[in-house]
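Protein chains: 2
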Amino acid sequence: MATPEQKKFVSQIDANKPALIDRLAKAVSIPSVSGDASYRKHCFEMADFLLDELKRLGATAQLKPLGKQVLDGQEIELPPVVFADYGNDPNKKTILVYGHFDVQPALKSDGWDTEPFTLVHDEKTGRLYGRGSTDDKGPVLGWINVVEAHQQAGINLPVNLKFCLEGMEESGSVGLDELIAAEKDAFFRGVDAVCISDNYWLGTTKPCLTHGLRGITYFKLTISGPARDLHSGVFGGVVHEPMTDLFAVMSKLVTPEGKILIPGVNELVAPLTDEEKQRYDVMDFTVADVEGATGSKTTISTDKATALMARMRYPSLSLHGIEGAFGEAGTKTVIPAKVTGKFSLRLVPDQTPEAIVELVTKYVEAEFAKLGSKNTVHIASEHGGKPWLADPNHWNYEAAVKATQTVYGVKPDLTREGGSIPVTLTFADTLQKNVLLLPMGRSDDGAHSINEKIDISNYIEGTKLLGLYLHEVAAHAA
Amino acid sequence: MATPEQKKFVSQIDANKPALIDRLAKAVSIPSVSGDASYRKHCFEMADFLLDELKRLGATAQLKPLGKQVLDGQEIELPPVVFADYGNDPNKKTILVYGHFDVQPALKSDGWDTEPFTLVHDEKTGRLYGRGSTDDKGPVLGWINVVEAHQQAGINLPVNLKFCLEGMEESGSVGLDELIAAEKDAFFRGVDAVCISDNYWLGTTKPCLTHGLRGITYFKLTISGPARDLHSGVFGGVVHEPMTDLFAVMSKLVTPEGKILIPGVNELVAPLTDEEKQRYDVMDFTVADVEGATGSKTTISTDKATALMARMRYPSLSLHGIEGAFGEAGTKTVIPAKVTGKFSLRLVPDQTPEAIVELVTKYVEAEFAKLGSKNTVHIASEHGGKPWLADPNHWNYEAAVKATQTVYGVKPDLTREGGSIPVTLTFADTLQKNVLLLPMGRSDDGAHSINEKIDISNYIEGTKLLGLYLHEVAAHAA
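If you're matching them up, the sequences are chains W and V in order.
The numbering used here puts the first residue of the first sequence at 1, with every later residue one more than the last.
The numbering used here puts the first residue of the second sequence at 1, with every later residue one more than the last.
Be careful, since some hints might not be right.
It does not matter which identical chain is meant; a pair holds if it fits inside one copy or across any two.
Once the Cα atoms are required to be at most 20 Å apart in a straight line, the calculated PhoX-like pairs of lysine-lysine come out as [what the hints assert, rightly or not]:
1) K252 - K370
2) K297 - K338
3) K7 - K17
4) K332 - K374
5) K184 - K259
6) K370 - K297
7) K184 - K338
8) K8 - K55
9) K374 - K304
10) K374 - K259
11) K277 - K411
12) K68 - K41
13) K220 - K332
14) K297 - K374
Because the hints were derived from the structure by calculation, they are not lab data.
All values reported here derive from a predicted model rather than from experimental measurement.
So that you can see chain W by itself, here it is in the shape it has in the complex (with noise of 0.2 Å):
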């Protein structure tokens, strides 16, 4: 099925193994912890670590400045966005890559087996082990990898490539949506769609294709009542608490079982097909995986495409906590004058955050009312994130689901995310171009947790398979 050139390609890389995983290595070195302010100079290192490779391989690479922030206190300069062209062929198609060289936070002390930023290969099982393996360096890399191999094996690369590479991924992607908006019609013109290597596999065999993430909306719900904190045994009985309030009002917004109990907001999930259910009954995927990673048998269903569905298609609604209240340790009998219930919606198609909000809104209020409390209730919405649905049929997931299963000899799983990565909606927004999210790793990496790994085999496969997408879309255009 692969062409002598996709051949030649794959071969460079795996001629190349060794020198790709001391690449990795030499970035995972680098600290680029963008949350912490006293480690903001490893996130300019890293950057210009980027754009050295990049040029070395005759990109067109620049550092874009996004201007300073607050952090811990002090004024500081956001880290560069790397923007680079690969080629500008009229005749080929032009395709985007997104990813990002920060990294989350890591010490030994947290429980790490290895030094975090040191890359670790585990010859056992084949791991390699070190923070940003695979969230994102890994990925990030494959890139410049695939770029790379194509020059020593002496193909060309069948498409454009643009690059942009952030380093606030992990502190909110600052400044990212503004730079992308302003350079639609400059850096960003010409792309014909949008490749994102920055999510993973739903298990650990089966490589996926992701088409779609759910929004988030979150609320802050107050009570507040009396000036100040009371004295429960002066007080209790006395006035009305804003604790019993807040939790007669929260206790009606979801069920044990997870159903969302606000009127309209079920309504405005688009219906469930045929063809989308079947995606789910064949997915890698069992309820024993959900079991090992929250560590119980809490899964609402034991019916797998239920539990799927239920992460992936449907809304949820979760009750974080409450701000105001006594949440130490200890028997403190305080009356609380002002509680913030905190809680969010997770969003699917067709439901937006405006409409969410107000649906949220009219109904605390009501059920506020039905209690006859002379409190006083306020709610506020925040960061609202609309949900995200690529066309699967699309040439973009075509060309992926074929490089797949040239590289892995199986058709992938074609997945939603329960969570956000909001670029993707950012670039689908504002480019309005089809996007991809093509995973490297796999789903037991911890890209946020001690020990985060990538096995090597999801590097150079991954590699490979990055490569050859890019080959397949040519061939699409062709």
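Following the hints, position chain V against chain W.
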């Protein structure tokens, strides 16, 4: 109405006024904060101060050591209890007086208008500001002032006095219950009745006697499921969330109007008699007092007697908070794996902690079972304290009523408190004698707040009240 001897005593107190204020200033200047290890030496200093005062007056006084405790990570000596006998005439009644010489922490930077450990006389308002002025150094010195004035005026004190003054009241009275039990037939032998001056008038103008306290039982309701906190994007809708279950159960404990929903709890409340109901009708109190104290219009009932009974003679249930949930500012989207809801019930006769624990446990487990959740529930109860109710027709109360009428020209309100003063119950149970709570200060003294104060009139007239109460006790015996 007053006897010549009573009149001489009253005149002597009036003559001593400047000296009595000086004595209080001396006591306030000793920062005997029991809750902070670095202040512990001042608790000893304060015990020595009282020991000297009592010995100077001819009392047989001693310091009773209580052993060690661990505080702020260090093992330190507990402040001693001051025991003293003044008089041992077998023909006189013996009154045990209790007070405490430790105070709440106080720093000027907490928001005090004056230095907290300097007694400041505000000439305009006639108030004495300083930590401990009303809680409880003023009342403790009141008893000493009484003995001294009798000696100065050449009058016999008509009763025997026993002093039990502790230095750990603000920090859980560590060791006191055991000492009282151990000394029951030794130091405490021969006590006829107990008088504690460590609470406050219901309002700011009318004196009261207090004959009841609510008890308390504190509950920790833990719901656990996943082995670790989960990401709501990945697991929201997929697993049973402990927070959802906790809100479901805790919302079924009490209504916004304060009605306890646990079957059997309200049925244990002693019925209201006409005599008792009339006491609430005449009390110096308005719903506006609640509104003033809470800084809000959140009082459940606008009927004065109903509001008073809610505080004094009915149980209440307050929800305090959740341990293990997200309690900070911001918008974390966590699914907490294990959460512990905290709530407590204030108990009244004939409720007992044992009976309440049984009812609450049964109800909570039944309500949780109804949820059909795969999570796990566990309920634990802590520091149960029985409610206390003394017979207000006892001679101990009759003496205090008469003395109040002499000093203030008014029949005192007969109140109950909504909170707890655990030593009251200890004396009542251990010594099996009538206990009277005879407050000196006003409701607005700010006992545990910034700018604690006692009105000079309360300190001086209150000292007279303590002395005349002893005379009325003796008159009853005669």
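Hints breached by this structure: 4, 5, 7 and 8
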